[in-house]
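Number of protein chains: 2
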Amino acid sequence: MLRRDFNTAMLGALTVPGLTRPARSQGDLRVNADRLMTSLRSLGAIGKTDTGAQRVAYTEADRAARAFTLDLMRAAQLDASVDAAGNLLGRRAGTDPSLPPLLFGSHVDSVPNGGDYDGPVGSLSAIEVARTLAERGLRTRHPLEVVVFQNEEGGLIGSLAMIGALTPAHLDRTSQSGMTIRDGIAAIGGAPEALASAARKAGSIAAYLELHIEQGGTLDAETVQIGVVEGIVGIGWWEVTVEGAANHAGTTPMDRRQDALLSAARFIQEVNRVVRATPGRQVGTVGRIEARPGAPNVIAGVVRLSLELRDLDAATIRRLYGEIDKAAHAIGRADGTTFSFRQTSENIPALSTPEVRDAVRASARSLGLSTKDLPSGAGHDAQDMAKIGPMGMIFIPSVDGISHSPREFSRPEDIANGANVLLHAVLGLDAGI
Amino acid sequence: MLRRDFNTAMLGALTVPGLTRPARSQGDLRVNADRLMTSLRSLGAIGKTDTGAQRVAYTEADRAARAFTLDLMRAAQLDASVDAAGNLLGRRAGTDPSLPPLLFGSHVDSVPNGGDYDGPVGSLSAIEVARTLAERGLRTRHPLEVVVFQNEEGGLIGSLAMIGALTPAHLDRTSQSGMTIRDGIAAIGGAPEALASAARKAGSIAAYLELHIEQGGTLDAETVQIGVVEGIVGIGWWEVTVEGAANHAGTTPMDRRQDALLSAARFIQEVNRVVRATPGRQVGTVGRIEARPGAPNVIAGVVRLSLELRDLDAATIRRLYGEIDKAAHAIGRADGTTFSFRQTSENIPALSTPEVRDAVRASARSLGLSTKDLPSGAGHDAQDMAKIGPMGMIFIPSVDGISHSPREFSRPEDIANGANVLLHAVLGLDAGI
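So the sequences go chain by chain: A and B.
Read left to right, the first sequence gives residues 4 to 436 (this note's numbering).
Read left to right, the second sequence gives residues 4 to 436 (this note's numbering).
Isolated chain A, as found in the complex:
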């Protein structure tokens, strides 16, 4: 049923050629917040278990959530389809066929044991925005495209495909569903052999806008209603290996040890010190550690750690890494151990576009909502979309900053605020870009 060309033939039936009221001047326009919450609750019930939401991409629950979302697109009078990458698209024609489309949306898949808000809030709000416009008979200049990316949580797969960056190596990878990405795409109605048809060229979109829960606790702690996202931070990952000498913990005096775990402990502290030594929102984390041989009565000979650095500015990440690398080698010299680093992943920062940020800020102001500019510490499909056009994101508060958990929660009034900011930002971009 979820054929990618499913509704293409119905385009004529869904558009209402007679309506050309300009949409820009609808200052009192609001989404139907009750309907949006009802939709969110219905979607949240799909794949819900005692340990949280289980809408992991390509599983039965994910497919059921996608079918529900497609139905909702149709109810919003969108021209609903599935592209070759398995992304859900809901199109609404604009008044000027020469203009590129304005894209907005998010995702509906979840992590294992996830929550009801990360992804669904942005996806269903986008559909609600389109439905509100359709109900009022408001027509934008640009074509609108609501996009619900597939498998965001498994590595931004849908948006990578949309910017033409999904490689055969990605397709061969086994996803958390147990299926390869390739088989997963086929299972959700995509066409893994025809991915090129889903790819968009740079410059082919007017803008991409995404509403999302913050996932951090800044807006909640500071009781700010709307976050204007400055960009999505860059992320560097390194595997750090500390080599000492495994030895008998009973017979090796303290001053004759080359204890790799002691050096690793000093390293963890140095990472924290270096990252916090200068003002800014950069973060640095050691979250994984393994000590070998790992016995209480043997001095550790080898320790492997993860190092992660994030910041909006790639130069800051480089500088922090340089200082950490220097500190590590100083520890090694003092302790008779050696440190080596191997970079395992690098995502460069994706800054949002000033004009899109302005549209979000103006929209929130017109609604009387407080705003704060802040980076997104988490990754989003928006970072891929930034490579082909102007990009922006709207954050709403996430209570206690919890996400990827059944305890993830955003208040209905914040969700309504987010959807209305999205609505007016779309209208503002449509008028301004």
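Worth flagging that the hints you see were computed from the coordinates, not collected in a lab.
Sample of chain B residues at the chain A side, in silico, Cβ under 8 Å:
1. A252
2. L264
3. V278
Glycine included, C-beta positions come from ideal geometry on N, C-alpha and C.
Given the coordinates of chain A, work out where chain B should sit on it, guided by the hints.
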């Protein structure tokens, strides 16, 4: 064949009633060092693989090594038998039947991927000492018993049985051979249902003396020939749990974290600082660490570590633990994390007996060998034997302090020195106690 009463009937045939030359005044007496090295090489060939010695207790290689050792006892004119616990005993009558026996020996089992010296040096030297006495027709006042304990490496099993401390829980435990200790004892000719017959009462032995490689690098580094062991250190083991809050490493600012791994890193450094803050030979080690959830992009919520403290003085271990516990709670208060400790094991220190130390020191001096008093950081059967009588140990250098490894090595001249010190210490104790 290895029945525990195997050679009891042969006692008369092996003793030579006519010989009563007193043994004490044999200052120029020496063991046959070449024969000892030949025996060590033969034993070392049993169970030898590319990755080291595999004489793990109860395995085929262990049983072959024991059969070889029993044969060697018989060649030394010892009354060889296997007790109900599976220990090998080689008796030689003394001239005064009212005196308790003088015990000396070690073990022949190895760790997996072990070496040729840890255990065999003391066991085969003890037999060589008895053989030397037999060849010279020298008779001690005390009965002599060469003892080769079973399964030393798996938890001092044979000596625990000899002091009556082997429990049903020990017997049910699966040993590294895959067999339970109970089945292992039966497999090596013991009688697990009659262990009480192998137990000795406190005061029933004149002394226990054990020659062993140092396993640490002190004698080798300081080019001392003989170590006079002050005692076997006490060992405390704790499981330490650090609880923080798992959170998103990208969206949680540095000043809002409760990072259990950062607290654990500070703890590891504090253990090192506290243990080294006062002079002494105490050691403290964190060798095992586990961080949960253990992902590069998640702040660790829970970390579990091992803590091990060793010293000859139980009060020192208690004091160090107290300071470490205090330091941990200070870290917890500063970091918003909590520390909890659970003691998982406690071996109290076993001090050697001053008279036995004197006998070892006098023996070495008479042979012109340099000595150093030092603790044993590793555990030995001697620590159990200290509970039923006077105890002492003789260490010889272990090159680079390596043990439990195929690279474990002690020089032939050091082995000969050790055997001769054992010989004259036995004669000294026989004369003096």
